[in-house]
Amino acid sequence: MIKALRWIVLVLAVLILNLPVIATLVTSFKSSAELSVNPGLWISAPTLENYLGVLQVTDRLNIYGYLANSFIASAIGSVLAILLAFPAAYALARGGFGQKLLMPAVVNLRAVPLIIFAIPLYMMYQWVGLLDTQLGLGLILTIVNLPLALIILVNAILEVPIELDEAARIDGASTWAIMMRVIRPVVRSALMTALIFGFITAWNEFLFGLMMTTNHAVPMTVGASFFFAASGGGIQWGLASAVMIVGALPPSVLGMLMYRRISGSLTTGAIKG
Amino acid sequence: MRAAEKTGVTRAEKLRRREWRGLVSPMVLFLLVFLGFPTVVDVVYSLSRVDFQNLRAPQLAGFENYGAVLSDPTFWAAAWFSLRFGVITAAAECLIGLFLAIFLSPLIAKRSALMAPLMLPLMVAPAMVGLMYRLVLNEFAGPVPYYLYMIFGNSPAFLDADTAFWTLCVVEALQWTPFAFLLFYAAYQAIPEEARQAAQLDGASSWQMLTLIELPLMAPTIAVAVFIRFIDGFRVFDNVYTLVGAGPGGVTQSLSIYIYKAFFEQGTIGKAIAASILLFLTSFAVLAGLSWLAARRREART
Numbered sequence: 001m002i003k004a005l006r007w008i009v010l011v012l013a014v015l016i017l018n019l020p021v022i023a024t025l026v027t028s029f030k031s032s033a034e035l036s037v038n039p040g041l042w043i044s045a046p047t048l049e050n051y052l053g054v055l056q057v058t059d060r061l062n063i064y065g066y067l068a069n070s071f072i073a074s075a076i077g078s079v080l081a082i083l084l085a086f087p088a089a090y091a092l093a094r095g096g097f098g099q100k101l102l103m104p105a106v107v108n109l110r111a112v113p114l115i116i117f118a119i120p121l122y123m124m125y126q127w128v129g130l131l132d133t134q135l136g137l138g139l140i141l142t143i144v145n146l147p148l149a150l151i152i153l154v155n156a157i158l159e160v161p162i163e164l165d166e167a168a169r170i171d172g173a174s175t176w177a178i179m180m181r182v183i184r185p186v187v188r189s190a191l192m193t194a195l196i197f198g199f200i201t202a203w204n205e206f207l208f209g210l211m212m213t214t215n216h217a218v219p220m221t222v223g224a225s226f227f228f229a230a231s232g233g234g235i236q237w238g239l240a241s242a243v244m245i246v247g248a249l250p251p252s253v254l255g256m257l258m259y260r261r262i263s264g265s266l267t268t269g270a271i272k273g
Numbered sequence: 001m002r003a004a005e006k007t008g009v010t011r012a013e014k015l016r017r018r019e020w021r022g023l024v025s026p027m028v029l030f031l032l033v034f035l036g037f038p039t040v041v042d043v044v045y046s047l048s049r050v051d052f053q054n055l056r057a058p059q060l061a062g063f064e065n066y067g068a069v070l071s072d073p074t075f076w077a078a079a080w081f082s083l084r085f086g087v088i089t090a091a092a093e094c095l096i097g098l099f100l101a102i103f104l105s106p107l108i109a110k111r112s113a114l115m116a117p118l119m120l121p122l123m124v125a126p127a128m129v130g131l132m133y134r135l136v137l138n139e140f141a142g143p144v145p146y147y148l149y150m151i152f153g154n155s156p157a158f159l160d161a162d163t164a165f166w167t168l169c170v171v172e173a174l175q176w177t178p179f180a181f182l183l184f185y186a187a188y189q190a191i192p193e194e195a196r197q198a199a200q201l202d203g204a205s206s207w208q209m210l211t212l213i214e215l216p217l218m219a220p221t222i223a224v225a226v227f228i229r230f231i232d233g234f235r236v237f238d239n240v241y242t243l244v245g246a247g248p249g250g251v252t253q254s255l256s257i258y259i260y261k262a263f264f265e266q267g268t269i270g271k272a273i274a275a276s277i278l279l280f281l282t283s284f285a286v287l288a289g290l291s292w293l294a295a296r297r298r299e300a301r302t
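Heads up: the protein sequence lines correspond to chains A and B, in order.
First residue of the first sequence: 1, per my numbering; consecutive thereafter.
First residue of the second sequence: 1, per my numbering; consecutive thereafter.
Incorrect hints may have been included.
Here are some of the chain A residues that sit facing chain B, going by a computed Cβ distance under 10 Å [as the list claims (entries may be wrong)]: (1) Ile22; (2) Thr24; (3) Ala45; (4) Arg60; (5) Val79; (6) Phe86; (7) Ala89; (8) Tyr90; (9) Ala111; (10) Ala118; (11) Thr142; (12) Ile170; (13) Ser174; (14) Ala224; (15) Ile235; (16) Leu266.
Because the hints were derived from the structure by calculation, they are not lab data.
No residue lacks a Cβ here, since even glycine has one placed at the ideal position from N, Cα and C.
Just chain A, same shape as in the assembly (with noise of 0.2 Å):
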């Protein structure tokens, strides 16, 4: 009985939660001309041409650039955090350096509203040049994704048995051959969370896109908001649903394969932070 109710009570959660993504998803295979007249959540005639008007490249959508502004400054955010986390990492959980004051302000970060260096980085991007560029906005995505990239990072060589280290020192490894040839392959699933989280988040970051593109460097989620803001009052809503569905599709299954690792890191990263 009570286990019946455990079931009705998750149900009901995942469609209520998830009732965004859900109708969605149902208005992106309908034709405007069943959506005028049925815009609840089931579907009388599935048509898939709301995706073929998606890929059409025209002058108001573009949404292979989009995705490609979106991919390219992702990889350089979750890749290049990984590059300077680690060795830090590294150096924090064995040298003990930096353990009273780099720590906590990079893991504070994660509490700061990102919004008040927004200002200066414009400036400063407009001075030299990386206003809307891809390379501009991957390098601000890094800083989103630095601090949770050294926490789950540094948990996971605390982890690691440090007789292997010494071991490794006493067969007269340096230090740089230690951390890449003994702790890398160690903590390898760890890089590989941290990576994939990182490429998440810097994919669902809306802020600095918005500030810092205007035309070459848009990402997704930007694009998206410019297409309803395009529309006026006129949306056609299968289109804009098929233009959302194919944003939020890589993020989305890329969680879902991860989940397990996803749901292991956020919970580390809000304790141990």
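Here the structure of chain A is known, so what remains is to put chain B in place on it, guided by the hints.
The following block gives chain B in isolation, referenced to the frame of chain A:
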């Protein structure tokens, strides 16, 4: 002999320290360029008279900008919006998340794949979710008004001056309840079985078990979740901006949106930056206060 050994050790130690420093320095350098420099610019410009014409040659002007911000009723309205929004959404997310984590844990402990659909909202960009709700709540194309008309013969306006705040709270809470749920589920699973068995031997009812054993053990996690969700709600931008912008008459203007608009739409750079600094000081004060509290609790325990 001994002295030689000693200097040998310190030399190796020195070398080691230099190596550690070398490993940390790329990240530190990056942070200095991308956060340190902007912070300095923030402080200087907040005390200067700047506009888009003399961007590189700001004139020091004392606390003028701060005065302008602090006497701007829109700023206080935005601060009040952010505070209310942060408190209400954090409370709602943590209460629902706690209930789901405890009530559903027997199901999920056996089939962890059930976690995946509950986590899906966390994977979708908040900005995208804001856009999706434009569809969901649309008078003509949205399923929610459609079903409300069908069942009740009427559907409220979700995004007018009176209702927009609450609609946004629901939108935010529905997206982030899974985050609280995840933390609480992990904490609930981590409660040692002995604690439960001991309580059972003492004849505790399941309600007593929950309130006297389980919830106190989960308290640190609950505090962390409330804090994280409050901060995120307090600085909200994406979903509010894509769903309603500043809202009818600016009723849904959060502090982040206030800063964005002051800079990009009104071009009042000094004001925007002064507001940024105030936001920074506020979040710093909250953080410092919390770590002070945490340190005091740790002291009290030892």
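*Which numbered conditions among the earlier hints are violated in the structure presented, ordered from lowest to highest?*
Of the numbered hints given earlier, those the structure breaks are 3, 4, 5 and 12, listed in rising order.
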